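Got chain A sorted already, so can you dock chain B onto it with the hints?
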Amino acid sequence: MSTSVLFDAPGRRGRLRNHALTVVSLIAVAAVVYGVYRGFDAKGQWEGKIWEPFLQWETWEFYIIPGLIGTLRAAAVAAVLALAFGAIFGLARLSDHAWIRVPAGAVVEVFRAIPLLLLIFFIFYLAPVLMGGGDYAFMAVVVGLMLYNGSVLAEVVRAGVQAVPKGQSEAAYAVGMRKNQVMRLVLLPQAVTAMMPAIVSQLVVLLKDTALGYIIAYVDLLNTGFKILPARFFGSLIPAAIVIGIIYVALNMALSSLATWLEGRSRRSRKTAAKPVTPAVAGMGEGAA
Amino acid sequence: MDELITYAPDLGLGFLENVKLALVALVTSLVIGTILVAMRVSPTPVLRAAGTIYVNVVRNTPLTLVLAFSALGLSDQLGLVFSGEPRTNSFWLVAMGLSLYTAAFVCEALRSGVNTVPLGQAEAARAIGLTFSQSLTMIILPQAFRSVVAPLGSVIIAMIKNTTVATAGGFLADAAAVMKETFDQTGASIPIFLGIVVAFMVLTMPIGFFTGWLSRRLAVAR
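Which chain is which? The protein sequence lines are A and B, in order. The number in my numbering is simply the position in the first sequence, starting from 1, with 21 added. With my numbering, the residue at position 189 of the second sequence is 173, and numbering never jumps.
Hints may contain errors.
Partial selection, computed: residues in chain A whose CB lies under 7 Å from chain B [claimed, not checked]:
| id | residue |
| --- | --- |
| 1 | Val50 |
| 2 | Phe143 |
| 3 | Lys187 |
Some chain A residues flagged as far from chain B (calculated, every beta-carbon gap over 10 Å) [stated by the list, open to error]:
| id | residue |
| --- | --- |
| 4 | Gly32 |
| 5 | Gly126 |
| 6 | Gly154 |
| 7 | Arg205 |
| 8 | Thr231 |
| 9 | Asn273 |
Rather than coming from a laboratory, the hints here were simulated on the basis of the structure. Computed from a predicted structure; not experimentally measured. A virtual CB, placed ideally from N, CA and C, is assigned to each residue, including glycine.
Chain B with its partners taken away, still in its complex shape:
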């Protein structure tokens, strides 16, 4: 227990980095995921194909590879630099990699939602003369979003847990990296491990409960 108290400030700061990463990735992955799903249901075959290829490639690549490639490949070799300060730079590289990766899963979740909207809704929208973008934004997506609140919640929870992989992208300030550093000094410490696990659970469990409650509340009665 003493180790946990001694190292709590460091671990807390590390965990804060995970929270920051998660917040950035949450916003950007939802935006990119929504754009991807619009591409995947659009009337333009080129956009559909581009969206499908993106999702299938990214979804089947390990996040570790995505993040390691962002750091060593994109940044070191190809010169994609967000900031001169290495720590800030690797933070944004990891945030970018995590967002691009999560976006593919957000897209899949939303698309499965689009598939739950009954045929009649789209037909009725067309019948009253709505255009593709009107029927998508006013009829289909609002219903689709409601039916995917719970799966989206799982994607977000997984994304929060995935912020620990930041280490692979050279960002060595997050909770996992701090924990490893501490273990190097103290050896494996059960209290420290449990402390971080509890911190993550405190973050993810309310999201699970909230999205579960919200999805029941928002469920479209059919």
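Excised from the complex, chain A in its bound form:
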């Protein structure tokens, strides 16, 4: 349902009222924006001095870009591992053998239920015990993200395969294919198209969750941009938050729009008989920090 059917094409009085409402809400929005502006101004947050670091290449070279690389590196490694984890456990949950299906189901359910930060803390403290001294921040972030997002992706994979109509596998069995041929040649290719949007939205969640590394001092964008940079340029905390906020929003929106585009494409696609797996409510349905 498009939103416009909620109200009629307004008549003369309705139009007048809508215009009045528009003016009132415009004033309200402007008042909020102005209030924030004044609040910032009163604390001297618009002074050129504290914004200046962001015009210098050194700030980007030594703080923001290394941080961004840290974030993207953790996200990329975790994404690959989570996809592998999700594929393995998602297919294991579909197995005909209970001794594979049940443990895989238990692993997926447990890791989905653990708050991600607790998992990251636990790995961070457990790793030195198992493997001796060293810096395990990167590993803790990546393994935590892999276990959590991998479990969510496992559910996506399962839903994707189950979304393929039953007739497809029945037909494949009827022409004499084996179990693994049915999965590999018939079900998975159709399921992948159907679950692409859900996978990409989960990757947005994963990218956003790399920021949890900040808490265990992993050198990511949030850390270099919000902890190290304001310590170097005193007073630039608010500008720093705004700049790195914009970078995060831009990155995630680019990925999200990719997901929306893929969803539209797979909805129109005739390559698959499966309906697209709906992404968990815009990146939070399954829980995201």
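Positioned in the frame of chain A, the structure of chain B alone reads:
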């Protein structure tokens, strides 16, 4: 197992803080989320745009940044103070940040519910002469709420798990912070970790089952 028993009272108190945070954030995020969704379907383009911008910006910002900004930016730099007592102050800052963050997801869940209400319902409401606010509150939202019970349940579960990020907002009394503190003393302890995980599961699993049951019960037969 001994560590868990020794530190159980501290951990329990920490977990209680998570529950309190979750309760505050639950109420406020549902209220703000409902207001946001009303803005996003309203006939006023300015409100629609404001709602859309809010949701898209907040949804794509990491919660860690939201909470760290609430504490270090809003409170320390811009002077937003809820209480003179640092602990109470950071509790409310985290509750505020978490509510504002969760509200964006509540809004998205509700909006996807509005989209499931068939066109005919809104048309029929208009045909019998209901105004925008009447058709929204009496026809559309009641049906929308019913179809989003399960997704809302997932949002609430995620929000409960997100209370652990309170550490980033300088609130160091919640279960995650207490667990970290304990680990500093005992080293990584599997019983303590499992204890907290079980506590969270005890909190979130019934919500999952309840909202699942409720959504089946309330489902609008079409």
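Taking the hints in turn, this is what the structure says about them:
Given the 7 Å rule on beta carbons, the hint for Val50 (chain A) holds: about 5 Å separates it from the nearest Cβ of chain B. Taking 7 Å as the C-beta cut-off, the interface hint given for Phe143 (chain A) holds, the closest approach to chain B being about 5 Å. The interface hint given for Lys187 (chain A) is broken, as the beta carbon of that residue sits about 23 Å from the closest beta carbon of chain B, more than 7 Å. With a least CB separation of 12 Å from chain B, Gly32 (chain A) remains clear of the 10 Å interface cut-off, as annotated.
For Gly126 (chain A), the requirement that its beta carbon stay farther than 10 Å from each beta carbon of chain B is met, with the minimum near 15 Å. For Gly154 (chain A), the non-interface assignment is confirmed: its Cβ lies about 13 Å from the closest Cβ of chain B, beyond the 10 Å cut-off. The claim that Arg205 (chain A) is not at the interface with chain B holds, since no C-beta of that chain comes within 10 Å of its own (minimum 32 Å). Look at Thr231 (chain A): its CB is around 8 Å from the nearest CB on chain B, not clear of 10 Å, so calling it non-interface is violated.
The claim that Asn273 (chain A) is not at the interface with chain B is violated, since a C-beta of that chain comes within 10 Å of its own (minimum 4 Å).
In summary, the structure is inconsistent with hints 3, 8, 9 from the numbered list given earlier, while agreeing with the others.
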